[in-house]
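Build the full structure now, drawing on both the sequences and the hints.
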Amino acid sequence: MSGWLDSLLAILRTTVVDVVPIALVLFGFQYLVLRRPVPRLPRVVLGFVLVVVGMVFFLEGLEQALFPLGRLMAQSLTSPEFLGLPAPSTAWQDYLWIYLFAAALGFATTIAEPALIAVAFEASRITGGAINAWGLRLAVAVGVAIGIALGCFRIVTGTPLPYYIISGYVLVLIQTAYAPKAIVALAYDTGGVTTSTVTVPLVAALGLGLASQVPGRSPLLDGFGLIAFGSLFPMMTVMGYAQAGEWLARRRRLEKAS
Amino acid sequence: MLRRILLPLAQSLRDLTPIVGVVALFQLLVLRQPLPDLAGLLGGLLLVVVGLALFTKGLELGLFPIGEALAHALARRGSLALLLLFAFALGFGTTVAEPALIAIADEAARVAAQGLAIPDTAEARQDYSLGLRYTVAISVGCAIVLGVIRILKGWPVQWLIMAGYAGVVVLTGFAPPEIVGIAYDSGGVTTSTITVPLVTALGVGLASSIAGRSPLVDGFGLIAFASLTPMIFVMAYGALR
Chain Z
1 MSGWLDSLLA ILRTTVVDVV PIALVLFGFQ YLVLRRPVPR LPRVVLGFVL VVVGMVFFLE
61 GLEQALFPLG RLMAQSLTSP EFLGLPAPST AWQDYLWIYL FAAALGFATT IAEPALIAVA
121 FEASRITGGA INAWGLRLAV AVGVAIGIAL GCFRIVTGTP LPYYIISGYV LVLIQTAYAP
181 KAIVALAYDT GGVTTSTVTV PLVAALGLGL ASQVPGRSPL LDGFGLIAFG SLFPMMTVMG
241 YAQAGEWLAR RRRLEKAS
Chain Y
259 MLRRILLPLA QSLRDLTPIV GVVALFQLLV LRQPLPDLAG LLGGLLLVVV GLALFTKGLE
319 LGLFPIGEAL AHALARRGSL ALLLLFAFAL GFGTTVAEPA LIAIADEAAR VAAQGLAIPD
379 TAEARQDYSL GLRYTVAISV GCAIVLGVIR ILKGWPVQWL IMAGYAGVVV LTGFAPPEIV
439 GIAYDSGGVT TSTITVPLVT ALGVGLASSI AGRSPLVDGF GLIAFASLTP MIFVMAYGAL
499 R
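Quick mapping for you: the protein sequence lines, in order, are chains Z and Y.
The C-terminal residue of the first sequence carries number 258 in this note's numbering, and the numbering is unbroken.
The C-terminal residue of the second sequence carries number 499 in this note's numbering, and the numbering is unbroken.
Hint data in this document are derived by calculation from the structure and do not stem from the laboratory.
Treat each hint with caution, since some may be false.
[To be verified] Some chain Y residues judged to face chain Z by a derived CB distance under 8 Å, without partners named:
id : residue
1  : I263
2  : L267
3  : A268
4  : L274
5  : P292
6  : L299
7  : F350
8  : A355
9  : A358
10 : V369
11 : A497
[As the list claims (entries may be wrong)] Non-contacting residues of chain Y with respect to chain Z, defined by C-beta distances greater than 12 Å in every case (computed):
id : residue
12 : V280
13 : F284
14 : L319
15 : L340
16 : S467
17 : I468
These numbers come from a predicted model, not from an experiment.
By construction, the Cβ of each residue, glycine as well, lies at the ideal position given by its N, Cα and C atoms.
Put into structure tokens, the structure is as follows:
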């Protein structure tokens with residue numbers, strides 16, 4: 001029990017230090033530049049206390065649950081006993097379950113992401129329903145699912161990360177030139193929206209766990225990159241979704257005209 | 259009052275539900291075995307839920323109102339130096355306190371220590387993790403400054419993004435291979451809980467106080483920069499270390 005308390009106190013100390021810069025910035029500008037008192041100061045101070053306490057709990061819970069869970073799933077879905085193999089394999093076909101798990105995880109966490117729900121609703125309202133909120137959410141979720149699954153494939157095969165990401169950039173740039181202008185900014189933003197505070201640690205642990213399981217892969221060289229995949233692919237699927245919608249609408253118009 | 263406590267709890271529970279659902283599905287249908295140390299995991303998840311709920315509630319009460327009011331006030335004030343200073347400080351301060359970044363930086367330090375890239379002592383790990391986080395925080399600060407200048411000048415966002423991509427490609431050639439993955443990931447990590455709302459408030463406030471700028475088109479570019487510059491800065495940090 002005392003070990004648990006010690007680790008909480010240690011996290012508390014570092015967390016307070018972490019929150020100091022932003023508190024200094026906000027209060028500093030408020031008092032030195034604007035020279036106005038903070039409105040409803042006790043409420044604001046309570047807010048900062050809650051932020052610190054919340055971060056302590058969250059980081060401790062991360063250490064106890066999310067990281068172990070990611071590692072554990074990577075381990076059990078790649079263990080030779082589960083796969084029915086005599087020895088750990090390096091053939092990418094043997095790891096289909098982990099791709100499926102990664103895709104399912106990416107899809108489920110994205111489709112339920114509150115920030116994305118808000119963005120999708122807003123986009124549909126601004127465009128007068130031309131962008132369907134559900135269609136957009138599905139496009140983003142499919143993008144994250146493909147991204148993380150492909151990222152796992154990359155870890156298993158050990159192919160260099162920059163190749164994937166740079167060719168992804170090239171594709172995004174080409175799509176940017178052709179996609180409807182209204183969707184481009186939104187598509188770029190969805191990349192950042194999908195990587196929420198809960199998903200990031202779990203996905204990172206999954207990648208590191210996978211890299212330490214597959215023979216010949218090192219967590220240091222191969223374990224990272226899943227988050228980059230998860231924030232790159234939604235840009236493509238969202239622009240692709242808009243392009244497909246535009247193409248369908250044009251075809252329908254042509255059919256009506258003829 | 260009860261509602262005000264329960265609502266953030268329900269929200270953070272909802273964040274966690276899909277993860278628990280997918281893991282449970284795979285455990286029951288595919289792996290067909292119980293999780294080891296189920297109690298420990300559930301306890302940890304409970305801490306995550308409660309922590310996240312308190313954290314978001316605290317942001318709503320404290321950080322967001324004062325941050326947004328400041329962003330609007332400074333955007334309207336018209337002093338460029340102050341505005342840029344605030345932009346940098348806001349980007350830096352919010353990133354240092356970003357929980358997802360703390361988690362990833364610690365994990366990266368652990369992996370680097372296991373891979374013998376740094377000595378395996380608590381001190382070296384902490385140095386590495388802090389170095390990484392401050393690098394990312396400085397890069398986000400610079401990104402916000404750049405984004406503010408862009409809004410003021412009305413530069414199109416695509417050109418800067420393309421220049422950023424080019425920077426990423428070039429630096430990838432020079433950076434040590436073990437930093438590349440972490441660098442690419444740090445781009446996605448910075449744009450979560452704290453940074454996005456405050457930075458968006460700054461961008462939207464700024465765009466709406468300048469004639470001829472639309473809050474929708476010009477206000478949102480900041481986040482895109484904030485997830486691009488960390489890649490460049492972290493790789494440069496890795497190359498120079």
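Violating hint indices (sorted, rising):
1, 2, 3, 5, 11, 12, 13, 14 and 15
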